[in-house]
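S.K.: Between the sequences and the hints, there should be enough to build the whole structure, so can you do that?
Number of protein chains: 2
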Amino acid sequence: MMDKLPLSRVYRFIEPGPVVLVTTVQKKERPNIMTMSYHMVMQDGIPPLIGCMIGPWDHSFRAIRATGECVIAVPTVELATKVVEIGNCSGADIDKFEAFGLTPVSAKKVKPPLVAECLANFECRVKDDRLVDRYNMFVMEVVEAWVDPERKERRVIHHRGDGTFIIDSRVLDLKKKMVKWPSYVQ
Amino acid sequence: MMDKLPLSRVYRFIEPGPVVLVTTVQKKERPNIMTMSYHMVMQDGIPPLIGCMIGPWDHSFRAIRATGECVIAVPTVELATKVVEIGNCSGADIDKFEAFGLTPVSAKKVKPPLVAECLANFECRVKDDRLVDRYNMFVMEVVEAWVDPERKERRVIHHRGDGTFIIDSRVLDLKKKMVKWPSYVQ
Chain A
318 MMDKLPLSRV YRFIEPGPVV LVTTVQKKER PNIMTMSYHM VMQDGIPPLI GCMIGPWDHS
378 FRAIRATGEC VIAVPTVELA TKVVEIGNCS GADIDKFEAF GLTPVSAKKV KPPLVAECLA
438 NFECRVKDDR LVDRYNMFVM EVVEAWVDPE RKERRVIHHR GDGTFIIDSR VLDLKKKMVK
498 WPSYVQ
Chain B
318 MMDKLPLSRV YRFIEPGPVV LVTTVQKKER PNIMTMSYHM VMQDGIPPLI GCMIGPWDHS
378 FRAIRATGEC VIAVPTVELA TKVVEIGNCS GADIDKFEAF GLTPVSAKKV KPPLVAECLA
438 NFECRVKDDR LVDRYNMFVM EVVEAWVDPE RKERRVIHHR GDGTFIIDSR VLDLKKKMVK
498 WPSYVQ
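The listed protein sequences derive, respectively, from chains A and B. Going by our numbering, the letters in the first sequence line up with residues 318 to 503, in that order. Going by our numbering, the letters in the second sequence line up with residues 318 to 503, in that order.
It cannot be assumed that every hint is accurate.
It does not matter which identical chain is used: a pair holds within one copy or between any two.
Stated by the list, open to error - Calculated pairs, BS3-like style, for lysine-lysine (alpha carbon to alpha carbon, straight line, at most 30 Å):
id, residue 1, residue 2
1, K493, K469
2, K494, K444
3, K344, K469
4, K497, K345
5, K492, K444
6, K492, K399
7, K399, K321
8, K399, K426
9, K492, K344
10, K469, K494
11, K492, K469
12, K497, K399
13, K344, K497
14, K425, K497
15, K428, K345
16, K426, K493
17, K399, K494
18, K425, K444
Calculated from the structure, these hints are not laboratory results.
M.R.: Spelled out as structure tokens, the structure:
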């Protein structure tokens, strides 16, 4: 199930630093998925902007360059093994949606599909590509966002850069300390 | 205690998405500290590059603009309350090192101090500021890196954007799945 997520809440899913999936689709080709953990919130206001490191060594790079679109999907811990496997094979060789038993769902504003099994999905368009040639960095604008309100598993995973991942644990509530940024606290 | 960390290992501390501290110092002023959680690995090779979102609303912005230097320090969970308090007051008003009982240690290649209480410290110089005016984004180059090899507490914290933080839990070892990226696995 996917409810619309207000764009003002997108940063809540990206700021903690989860490994994410990125889907793309190029004319006449099957949709593809890659794994990404070099990303950051660049703007938490409207529109949400997400900085993404995607390079020519990624099969998805070509599709993003050609179409200017992707979906960033946030998987949770039960998908960890698939997330790593997706990051260790190429869409040039296989149909990753099929190979990993993931369900593509039509997005509303972009052509790449949402991933039904993920906690949240963000439809993105390339907002700025002036750092791509130098750093392989895309500034993505989130144009539509979805979240699964019913799912109980909400723990994301964080890559430590070596094939080991940290699983989210308990939440520490320090809201009362956010005196300078009260608008961020709900 | 601080051992030198090979620059090729810096991304290991940034990729998981921890909240970090950033120290700065401007001529004749006391050193300052800010809290940052919008950042990403931009290059995991040499030199390590870290994308950082720091805006004019941060007191540290002025110092980074003026000096081109900062230290990125990685705190662990026992510092969580201080990390949030540091992010909710301004260096324009108080001496944060003194107020929060943190110990500045001289860096080797830059003027801003390391934070003795942190797990890792990265000495940084601004490598690219062409996205600062548009997005408040600095590309930082890590020129020297330090890690405390003796400390047992290594769990970092991840901000969920609302004053609540997720604490690292257990590690999931999926190294055997990293077939495409064997050089990253040790």
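S.K.: Is the C-alpha distance from K399 to K494 at most 30 Å within one copy, between copies, in both cases, or in neither?
M.R.: Result: close only across copies, 9 Å inter versus 38 Å intra.
S.K.: When no copy is specified for K344 and K497, does a C-alpha distance of 30 Å or less occur within a copy, between copies, both, or neither?
M.R.: The answer is between: 27 Å across copies meets 30 Å, while 48 Å in one copy does not.
S.K.: Is it within a copy, between copies, both, or neither that the alpha carbon of K426 lies no farther than 30 Å from that of K493?
M.R.: Neither: 38 Å inside a copy, 38 Å across copies.
S.K.: Is it within, between, both, or neither for K493 and K469, if the alpha carbons may be no more than 30 Å apart?
M.R.: For K493 and K469, both the intra-copy (26 Å) and inter-copy (29 Å) Cα distances are at most 30 Å.
S.K.: Checking an output row: K469 and K494, CA cutoff 30 Å. Within, between, both or neither?
M.R.: both (28 Å within a copy, 27 Å between copies)
S.K.: Quick one: K494 to K444, C-alpha cut-off 30 Å, is that within a copy, between copies, both, or neither?
M.R.: neither (34 Å within a copy, 33 Å between copies)
S.K.: Pop the pair K492 and K469 into one bin, within, between, both or neither, using alpha-carbon distances up to 30 Å.
M.R.: The answer is both: 23 Å in one copy and 27 Å across copies each meet 30 Å.
S.K.: Is it within, between, both, or neither for K497 and K345, if the alpha carbons may be no more than 30 Å apart?
M.R.: Close across copies (27 Å), not inside one copy (50 Å); limit 30 Å.
S.K.: When no copy is specified for K399 and K426, does a C-alpha distance of 30 Å or less occur within a copy, between copies, both, or neither?
M.R.: within (27 Å within a copy, 42 Å between copies)
S.K.: Can you give me the call for K497 and K399, within, between, both or neither, at a CA distance of at most 30 Å?
M.R.: Intra 40 Å, inter 14 Å, cutoff 30 Å: inter-copy only.
S.K.: With identical chains treated as interchangeable, where does the CA-CA distance between K399 and K321 reach 30 Å or less: within a copy, between copies, both, or neither?
M.R.: within (25 Å within a copy, 35 Å between copies)
S.K.: Can you tell me if K425 and K444 fall within 30 Å by alpha carbon in one copy, between copies, both or neither?
M.R.: Classified as within; 18 Å inside a copy, 38 Å across copies.
Hint compliance for this structure: hints 2, 3, 5, 9, 14, 16 are not met, and every other hint is.
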